[in-house]
Every structure is written in C-alpha cells, then in structure tokens.
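Novice: From just these sequences and the hints, can you work out the full model?
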Amino acid sequence: MREKTILERIYDFRIPLLIVLLVIAFSIISSDFLSLRTVNTLLLLLPANGVVALGVTMVMIIGELDLSVGGVVALSGLMMVKLLPLGTAVAVVVSLAAGGFIGLVNGVIINKLKVNSLITTIAVGFILSGFSLVFSEGTVFYENKVLTGFGNRSLWIFPYTTLLYFIMTLLIQYVLQRSTFGIKLYAVGGSRISSDYSGINVTRMGIVVFILSGLFAGLGGVLLAARLSTASPLRGSETAIVVITAILLGGTTLGGGYGDVVKSLLGILLLSLLTKGLTQLEVPAYYQSMIIGVILIFLLYVGSRLSRRE
Amino acid sequence: MRAYTIWIFLALLVLVMSFLSPNFLTSQNFTTVLKNLAPTALLAFGLTLVFLGGGFDLSQGATLILSATLIASINPEGAIFFTLTVLLIFFIAFCIGSFNGYLIGMHRLNSFIVTLGTRSIVGGFVFIHAAGMVVSAAIQSPILEYIGLDRFLGIPVQTIIWVVIAVLCWFVVKYSPYARKIAVVGSSVRVGKFSGLKVEGLQMSTYVFNGLLAGLAGILIGCQTSHIAPALVWHYDFDAITACAVGGISLSGGKGTIIDTLSGVLLLGFINNSMIMIGVPYKWQLILKGLVLLMAIIADMQSKKSYA
Numbered sequence: 001m002r003e004k005t006i007l008e009r010i011y012d013f014r015i016p017l018l019i020v021l022l023v024i025a026f027s028i029i030s031s032d033f034l035s036l037r038t039v040n041t042l043l044l045l046l047p048a049n050g051v052v053a054l055g056v057t058m059v060m061i062i063g064e065l066d067l068s069v070g071g072v073v074a075l076s077g078l079m080m081v082k083l084l085p086l087g088t089a090v091a092v093v094v095s096l097a098a099g100g101f102i103g104l105v106n107g108v109i110i111n112k113l114k115v116n117s118l119i120t121t122i123a124v125g126f127i128l129s130g131f132s133l134v135f136s137e138g139t140v141f142y143e144n145k146v147l148t149g150f151g152n153r154s155l156w157i158f159p160y161t162t163l164l165y166f167i168m169t170l171l172i173q174y175v176l177q178r179s180t181f182g183i184k185l186y187a188v189g190g191s192r193i194s195s196d197y198s199g200i201n202v203t204r205m206g207i208v209v210f211i212l213s214g215l216f217a218g219l220g221g222v223l224l225a226a227r228l229s230t231a232s233p234l235r236g237s238e239t240a241i242v243v244i245t246a247i248l249l250g251g252t253t254l255g256g257g258y259g260d261v262v263k264s265l266l267g268i269l270l271l272s273l274l275t276k277g278l279t280q281l282e283v284p285a286y287y288q289s290m291i292i293g294v295i296l297i298f299l300l301y302v303g304s305r306l307s308r309r310e
Numbered sequence: 311m312r313a314y315t316i317w318i319f320l321a322l323l324v325l326v327m328s329f330l331s332p333n334f335l336t337s338q339n340f341t342t343v344l345k346n347l348a349p350t351a352l353l354a355f356g357l358t359l360v361f362l363g364g365g366f367d368l369s370q371g372a373t374l375i376l377s378a379t380l381i382a383s384i385n386p387e388g389a390i391f392f393t394l395t396v397l398l399i400f401f402i403a404f405c406i407g408s409f410n411g412y413l414i415g416m417h418r419l420n421s422f423i424v425t426l427g428t429r430s431i432v433g434g435f436v437f438i439h440a441a442g443m444v445v446s447a448a449i450q451s452p453i454l455e456y457i458g459l460d461r462f463l464g465i466p467v468q469t470i471i472w473v474v475i476a477v478l479c480w481f482v483v484k485y486s487p488y489a490r491k492i493a494v495v496g497s498s499v500r501v502g503k504f505s506g507l508k509v510e511g512l513q514m515s516t517y518v519f520n521g522l523l524a525g526l527a528g529i530l531i532g533c534q535t536s537h538i539a540p541a542l543v544w545h546y547d548f549d550a551i552t553a554c555a556v557g558g559i560s561l562s563g564g565k566g567t568i569i570d571t572l573s574g575v576l577l578l579g580f581i582n583n584s585m586i587m588i589g590v591p592y593k594w595q596l597i598l599k600g601l602v603l604l605m606a607i608i609a610d611m612q613s614k615k616s617y618a
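As you go down the protein sequences, you meet chains A and B in turn. Sequential numbering of the first sequence, starting at 1, is according to my numbering. Sequential numbering of the second sequence, starting at 311, is according to my numbering.
In case anyone wonders, no lab produced these hints; they're calculated from the structure. Possibly wrong hints are sitting among the right ones.
[Stated by the list, open to error] Label-pair distances were calculated between CB atoms; the ranges are: (1) 157/A to 503/B: 50 to 58 Å; (2) 418/B to 166/A: 30 to 38 Å; (3) 486/B to 166/A: 54 to 62 Å; (4) 503/B to 154/A: 51 to 59 Å.
[Claimed, not checked] Computed cross-link-like contacts, BS3-like style, restricted to lysine-lysine with a CA-CA straight-line distance of at most 30 Å: (5) 593/B to 112/A; (6) 145/A to 82/A; (7) 503/B to 484/B; (8) 593/B to 82/A; (9) 114/A to 491/B; (10) 114/A to 503/B; (11) 276/A to 145/A; (12) 565/B to 112/A; (13) 484/B to 565/B; (14) 565/B to 508/B; (15) 114/A to 565/B; (16) 114/A to 593/B.
[Stated by the list, open to error] Examples of chain B residues lying across from chain A (beta carbon under 10 Å, computed): (17) 427; (18) 433; (19) 435; (20) 601.
No residue lacks a Cβ here, since even glycine has one placed at the ideal position from N, Cα and C.
Specialist: Quick look at the structure:
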C-alpha cells in the first residue's frame, strides 16, 4: 500500500474539519451563536434523526436502503401518544415493537420475495402514512411529566436523550467492529454471493437488519414525541432524505460493505449544525430542504468520482 | 397473460360497482374519470419509458407541481403570452429532466437517490414561490379555461390531450428503433454497450422525456384548478408508479408496453373513483393503494422468477 498524500490525509478528517469551520463561520456571522445554550439546543436536535440513522446505516452497510423510516417515525410517535393512558412503559414498548414489526414486514418482502428494497419501502411508507391518519388526522398533544422530562432535561449541557444516543452509537460501533454479527454484516454487504457460499445465512441477516432499522426508527419517533410533547401524522416526511444525506455525508457509501455508525453520528452532527445555524440566521425551512437536496446530489457525484479513480 | 388479468379485473370492478352505486355507470361519471386521469396518465407514460430504460424517477411529482403553480400564478392571457409561458415551463421541465438524466445516465449515479434529491430541490422552489401556502389565483385567461374545463365535440379537452399523447407514446414504444434500444439498455447495460449503443445518451433521454411529460401534466392541472396545495399533489407521482407496476411494467427494466401502462392507469382511475363513490375515507384509500402497489411489485418479482 502506498503512502497517503497530505491531501488524502486531510480528506480523511473532512467532517470534523467542516464542523469546526461551520462553527467558526456561524460565530462570526451571528455574535450570540457560540454559547453553551446553543450547544445544548444543538445536542437536543441530534437524537431524533440520529437513532434512525443507526438503523439505516446498518441497512446501507448490507447494501440496501430503507425509505419507510419517515412513516415509522410518524406512526410510532402517534401510537405512543394514543397508548399513554395504558401506562408510559407500555406505550413506549408497544410503539417500539410496532416499528420492529414494520421492519420485519419490509425484511421478509425484500429478502424472502427478493423485491427491490427501495420500491418496497416506498410502498410500505405510503401505507404507513395512511395508518398514521387512522390514529389521528392532526397534531395530538399530551401531558406526561416523565416522558417530556426525559425528552427535554439535560445533565449540564448534555440532554438525557443525547447521552442515550451517544451510548447507543458506541455500543453499536463496538458490535459492528468486534462481534461476529458485525463481521457477517460487512461480509454480506461486500459480496452476497461469497457470503452465501461461506455459510452465512444471507436472508436472515437481511431480515434482522431491517427489523433493527424499523426498531430504531420507532425509537426516533418516540424520542421526537417526547421532546415536542406532541405527535403528528405529518412528522417524518423529511426523515428519510435527511438521514440518508447525513449518512452519506459521514462517509458510509451506497454500495454496501463499508461505513460505520460513528461516521453517521458525525454526519448527523454536521447536518444539524448547518440547519441550526441557518435557522439562527432566519433562513426559511424550504431553503433548508433545498440545501439538503443539493448536498445529497453533490455527495453522490463526488462519491462516484472518487470510487472511479480507485 | 398478465395484461389480460388487469383488463378482466377492470371489467369486474365496473360490473360490481354498477350494482353498488347507481351513479357509477353513467356517461357523466365515465367522462369525469377519464378527464381526472390526465395527469396520472401523462406521468405514467413518461415513467414507462424511464422504467423501460432501467431507471426510476421520484422527481416527476415535484416537476408537476412547479409547472402547475407557475402557470396558475402567471395566468397568461392572449395566445402569444400563453405560448411563451408554456414554452418557458417546458424549458424548465427539460432542464430538470436533463439534470436527472445527466447525473444518472452519464455518471451512473443511483436513480432513486438523485431524483429524491431533485424532488427536494424542485419542491423547495415551489414552496419558496408559494411561501409555503396554497397557491390560489382565480383563472381569468380564456385559454387556460378552455384547456382546463371546456369540451371539444363533447369530450373534455384534457381527455383529448392525454389520449393523443397516449397514441403517440404507444407508436413510439411499439415501432421506433429508439424504444427498442432503450429496452435493450434497460434489460442489460452491458449488452447495450457491447452492441454499440450509446447507453448514456439513451438513458439520459428517458429522463428528459419524462420531465417534459410531467411539465405538460402540471400545465393541465394548473389550467383546471385555481387552488394548488403543493403537499396534496405529491400523490400524483405515487399513482403513476402504482399504475405502471399494476399494468405490468417491469421495475427492473427492459419490459413493458404503453398498453400495459394504460391498463394500469385505467384500473387505478376506476379504483380511485369507486372508493370515492362507496365513501371510503381518505386514510383507508392511502392504505389500500399502498397495498395494491406492494402486491403489484411482488407479482412482478414472482413472474420474473418463473422466467428464470
């Protein structure tokens, strides 16, 4: 293997560098940007999309995609709010289980019936938006001190939900790098056929990954509902595109077999920083979704150029 | 075989519905169904070509809304001004299609993700233009009113437009060497390359074609209604995907005819109409249509397995 040039070394650290540059830029433009308060609100924004990205990253490592996560976020949030009278724990557990079940349905259709994962999850997402409307046609409010407390309180500048997200990221990173599950995951993403020949149950791995993706998307919906103390069928409409953009930004690739969840965390951090800064500069939300679209296409373009050069 | 199944389904649906609802089997209802199909049909024909070339397009709904909001808010009076506006819209649609086609065809990027990004960008333009609100402009121009609401020889102008486009597309897909080449590229890019076809240009052209048809569909919607809620119109592209899948257009490329698409479009149009007639709530309509799409794509995969 040849030595890396200085430029390539810098490229490896592009995400932390970009984060630092953005922080500097925003603090020059807006004088009240650099404060503990801003750090706290920024960290509070991470977990809802971040936990969804944990699952989607694993789906991308295996070489598939999940576009139904937005539908799961909306549905699980609404479900939790509607089930709260039965007890907080029951509501949370059932909503998570619903997410896992949707993931199971996705996984079985994609891996057993061998249907394209993108089109399957688009169809499932559409069905989920119908079910969300069955639960409620508008925003629902609720009062539950335990849940909203967990969703909003902080330990110094670290919100509880963000700490949970960081711990889960480290845990999954460890599983991906050290366990047989992780090794198999990268193997299947690298080459399905050779993994199949070496005795890995490829179908089962595929189904498990989609169940995890549904489960984490369900958790994303629960955390979002806990932070906002409301749920709405319209929530999650941007989740899929934001999460995929963040993951690609972090450096995980579409082809499969490469990437990890710490990369995704950095991607989520960078994207949230950008959104937060733009909001502080009073840029309307529609511009932000456009900017995300531009970043997404740009990343794809750069990614394909780089992989071709290799 | 598959094509006949859809026509039989359609006949059964019409039969059952004419018993269930007295207003179903009337010339007025059929005229309405055929007229309301115009945007879905145009999108589905464009999508057929994209699918044939082995691609996918999620951005056509956004192009449609952009074009609809533009024509409704410009509201051009007079033939010259109208022609210029339409040309402008087609030019914008052409640019969106070329942008998709350039990245997907020339640079071999993932068609789902590219068009998801384009959808976000174009949708952003619509929201900026409309400031996030429902676009509402009373249609004053007689030309717009004629295209949107009038009839020619007793048939709505919109129906005539989409049927003419359908015949054109049918002719192109069935008889032109161009469509043959696209089908070859769609079933295998390698085979296409080895046979000396310009794979990149061919795939790019399908997105341009699709963008233009989405632009036309948007013009029809803009002429018809003065209220355009950007969020609602998203469902047109989902309907178009479902119509293609139901009609039997292979989502993995290389297989499909306009007649297949037409059967899917008609079936979906009558399903939508029947659900409204029986009084199925909107939320259950979404769920049912999603299930129809899911079954159609599973059937597509099963039929491919039996080939191999």
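Novice: Each of the hints needs a verdict: does it hold here or not?
Specialist: We went through each hint and held it up to the structure:
For the pair residue 157/A and residue 503/B, the supplied restraint of 50 to 58 Å holds, since their beta-carbon distance comes to about 56 Å. Separated by about 37 Å at the C-beta atoms, residue 418/B and residue 166/A satisfy the suggested range of 30 to 38 Å. For the pair residue 486/B and residue 166/A, the supplied restraint of 54 to 62 Å holds, since their beta-carbon distance comes to about 58 Å. In this structure, residue 503/B and residue 154/A meet the distance hint of 51 to 59 Å, their C-beta atoms being roughly 57 Å apart.
Taking the CA atoms of residue 593/B and residue 112/A, the gap is about 29 Å. The hint holds against a cut of 30 Å. The straight-line distance between the Cα atoms of residue 145/A and residue 82/A is roughly 16 Å, inside the 30 Å bound, and the hint therefore holds. A C-alpha spacing of about 22 Å is found between residue 503/B and residue 484/B, which places the hinted pair at or below 30 Å, so the restraint holds. For the given pair, residue 593/B sits about 17 Å from residue 82/A by alpha-carbon distance, which is consistent with the 30 Å threshold.
With a CA separation close to 27 Å, the supplied pair residue 114/A and residue 491/B stays within the 30 Å bound. Restraint check: the Cα-Cα separation between residue 114/A and residue 503/B comes to about 27 Å, which is no more than 30 Å; the hinted pair holds. For the hint linking residue 276/A to residue 145/A, the alpha-carbon distance of about 27 Å falls within 30 Å, and the restraint holds. Distance hint between residue 565/B and residue 112/A is fulfilled; the C-alpha atoms sit about 23 Å from each other, no more than 30 Å.
Our distance criterion of 30 Å between C-alpha atoms is met by residue 484/B and residue 565/B, whose separation comes to about 12 Å. Straight-line distance between C-alpha atoms of residue 565/B and residue 508/B comes to about 19 Å, which keeps the hinted pair within the 30 Å bound. Only pairs whose Cα atoms come within 30 Å are accepted, and residue 114/A paired with residue 565/B is accepted, the gap being roughly 18 Å. In summary, the hint linking residue 114/A to residue 593/B is supported, as the alpha carbons are separated by about 29 Å, within the 30 Å threshold.
Interface restraint check for residue 427/B: the shortest CB-CB distance to chain A comes to about 4 Å, inside 10 Å, so the restraint holds. For the restraint placing residue 433/B at the interface with chain A, the shortest Cβ-Cβ distance is roughly 7 Å, inside the 10 Å limit, so the hint holds. Among the interface hints, the one on residue 435/B holds; its C-beta lies about 7 Å from the nearest C-beta in chain A, closer than the 10 Å criterion. With a cut of 10 Å, the hint placing residue 601/B at the interface with chain A holds, because the nearest CB-to-CB distance is about 6 Å.
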